[in-house]
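Peer 1: Sequence:
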Amino acid sequence: MESNSNEQTNRERSPWCKCAGVRYLFVVAGFLGMCLVYALRVNMSIAILGMLNNTAISIVTDTHNLTNEPMCALLNPPIHSSKLKLIEVKNGSFVWTPKVQGVIIGSFYYGYVITQVPGARLAEIYSGKWIFGLGIGISALLSLIIPVAAELHTAFLIFVRALQGVAQGVTFPAIYNLLSRWTAEEEKTLIEAVVISGINIGTVLGMPLAAKLTNSDWFGGWPSAFYVIGFIGCVWFVFWILCVTNSPSEHPCITSKELEYMKASQLSEHEPVNGFMSSFPYILQSAVGCLGGFISDEVIKNGLVTPIFARKLCNMLGCLGSIVGLVISSTAGCDITVQITSFGLTMTAGGLWYCSYMITYLDISPEYAGTLIGVASTLSGLTGFITPMIVGALTDTKPTFGQWRIIFAMTIVLLIASAIVYQLFATADKQNWEDEHHTQRSTRYRRYLNRIFRIRNQDTEKDLEKNE
1 MESNSNEQTN
11 RERSPWCKCA
21 GVRYLFVVAG
31 FLGMCLVYAL
41 RVNMSIAILG
51 MLNNTAISIV
61 TDTHNLTNEP
71 MCALLNPPIH
81 SSKLKLIEVK
91 NGSFVWTPKV
101 QGVIIGSFYY
111 GYVITQVPGA
121 RLAEIYSGKW
131 IFGLGIGISA
141 LLSLIIPVAA
151 ELHTAFLIFV
161 RALQGVAQGV
171 TFPAIYNLLS
181 RWTAEEEKTL
191 IEAVVISGIN
201 IGTVLGMPLA
211 AKLTNSDWFG
221 GWPSAFYVIG
231 FIGCVWFVFW
241 ILCVTNSPSE
251 HPCITSKELE
261 YMKASQLSEH
271 EPVNGFMSSF
281 PYILQSAVGC
291 LGGFISDEVI
301 KNGLVTPIFA
311 RKLCNMLGCL
321 GSIVGLVISS
331 TAGCDITVQI
341 TSFGLTMTAG
351 GLWYCSYMIT
361 YLDISPEYAG
371 TLIGVASTLS
381 GLTGFITPMI
391 VGALTDTKPT
401 FGQWRIIFAM
411 TIVLLIASAI
421 VYQLFATADK
431 QNWEDEHHTQ
441 RSTRYRRYLN
451 RIFRIRNQDT
461 EKDLEKNE
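Following UniProt numbering, the numbering of the sequence shown begins with 1 at its first residue and continues without gaps.
The hints are simulated quantities; they were obtained by calculation from the structure and are not laboratory data.
All C-beta atoms in this analysis are idealised placements derived from N, C-alpha and C, irrespective of residue type, glycine included.
It cannot be assumed that every hint is accurate.
[Claimed, not checked] Distance windows between CB atoms, simulated: (1) F309 with W218: 45 to 55 Å; (2) K430 with V95: 53 to 63 Å; (3) Y261 with Q423: 51 to 61 Å; (4) V413 with V338: 19 to 29 Å; (5) T337 with A426: 35 to 45 Å.
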């Protein structure tokens, strides 16, 4: 008791503890980490534009030109000379067909699907802090060697990108494991939405930054997109390791008042286009996600709706908005204003998913939320390399509106199917199997410790008898 009292006194006296709650430091660090997860992921999609020898590729694709319903050949003003361009097109040294480009971009997910569930279990058994940190840190280091891998051979580039996927596969399960420890019940939806919205802000910042670097002469142009973002990831890793702990009770700066508040309110805490135009919808998506999280917490806290009603409503509205956006986009033709607006609607509506299925993992099983999202992300991660292959196959020659309508239709069908499944089967009730499994695991752990101590005591007695 005396040691606990001294520990609390030291916490109260620490100058670091005079600032805002330590849990908000975790929110900031986790948010920045999720930003980097997606910045490291999307920079290839932008940098590859500066890596391609477009002249050589156009010669190859022109030999297979399709004559039915061509895409917008002439925009007024032309898209390659207007302010709507993403980056100025430069000829690189790589001659990759759309199929090969799809494999390169999708190769990230070859590794991504492998480590979802193992990453979740490692985070739950050992340390979510280190699993999440190392996932981003290793991915950042691999980003630094991508330019070298690309120059050596396309196969090396694909291999390094797959390794990045392996590293990042643990990040989502690990951050959910940490969220289950670091969020008070009254703030759960909002904090989860803020941290996870980092994936959109990472896209918002990562795409224009990668575009600017690719279009520069710094370090040869496109290689700088990997060098700069990789270096930022390494700096973040140091910050994360120094400032974050695996749980609130382990943090040296947390006050006893904040720790008691979190323990009292938690369900459980167990100890084991152009750059701006392309990224603006992600800003709106993050804003909608955070606003939806705040409103959900308030209406649930005031007893106006049940948690599952709020989750299902957000999910339904998110799916409907995305479907409407895709339908408009598939029929808008070459109207660039309508296309940008419909894309913005699709992405913005998706922000409501932060308050629906993405919070359900924490609702039904705080302790095993990492494992649950690991399983889900493994399945959803399959689309990460299947989708580029399908898109590449459909648009391998010059793409047409008909080809893209097929892609949009497939997406709409998946949205409708997922919405129906969620409405029918989703729940926000904590599952009984979590408590039962935790009790069984704790019992096995105590038996294991007792066995170890009993063996050690027997060995000590034998040593004493020998000495006598």
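Peer 1: So which of those numbered hints doesn't the model satisfy?
Peer 2: Violated hint: only 3; rest satisfied.
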